[in-house]
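A.B. asks: Sequence:
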Amino acid sequence: MKRYFRMLAVVVLVFAVSGCAYVHTKTPLDTNLHETELGTKIGTAQAHSIAWLVAWGDASYAAAARNGNITVLRHADQESFQVFFGFYTRFRVIVYGD
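Residue numbers for the sequence shown, in mature numbering (1 follows the signal peptide of the UniProt record, and there is no 0): -23 to -1, 1 to 75.
Worth flagging that the hints you see were computed from the coordinates, not collected in a lab. Nothing here was measured: the structure is a model prediction, and the numbers come from that model. Every residue, glycine too, gets a C-beta built ideally from N, C-alpha and C. One thing to keep in mind: the hints can contain errors.
Label pairs and their computed distance ranges (CB to CB) [claimed, not checked]:
id, residue 1, residue 2, range
1, Arg(-18), Leu6, 40 to 46 Å
2, Glu14, Ser37, 18 to 24 Å
3, Arg67, Glu14, 46 to 52 Å
I would like the entire structure built from these sequences, with the hints used as guidance.
C.D. replies: Structure follows, in structure tokens:
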């Protein structure tokens, strides 16, 4: 029984360290970050997926701009959140503008 718990602890540690158990990243969609003007408004849109079988949501730039009442897009970020090899995934788009 003790050996079983040790092996389980090692497996959990490997998943946690390798990024398989939990991933949360945010990346900009711009190459000239030092020249970026964000604007006065922020809008977000997201999509979700569970068990690699069911997905819902609209993570498009148009939906994010609409949610933030933005007519001129100036910058965008992507955010990805995954748990256990993507068993649960959330993808979010954040847009900035006026």
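A.B. asks: A separate judgement is required for each hint: does it hold in the structure or not?
C.D. replies: These are the hints, each one checked on the structure:
no., hint, in the structure
1, Arg(-18) / Leu6: 40 to 46 Å, "44 Å, holds"
2, Glu14 / Ser37: 18 to 24 Å, "22 Å, holds"
3, Arg67 / Glu14: 46 to 52 Å, "28 Å, violated"
In the structure shown, a violation is registered for the earlier hint numbered 3 alone.
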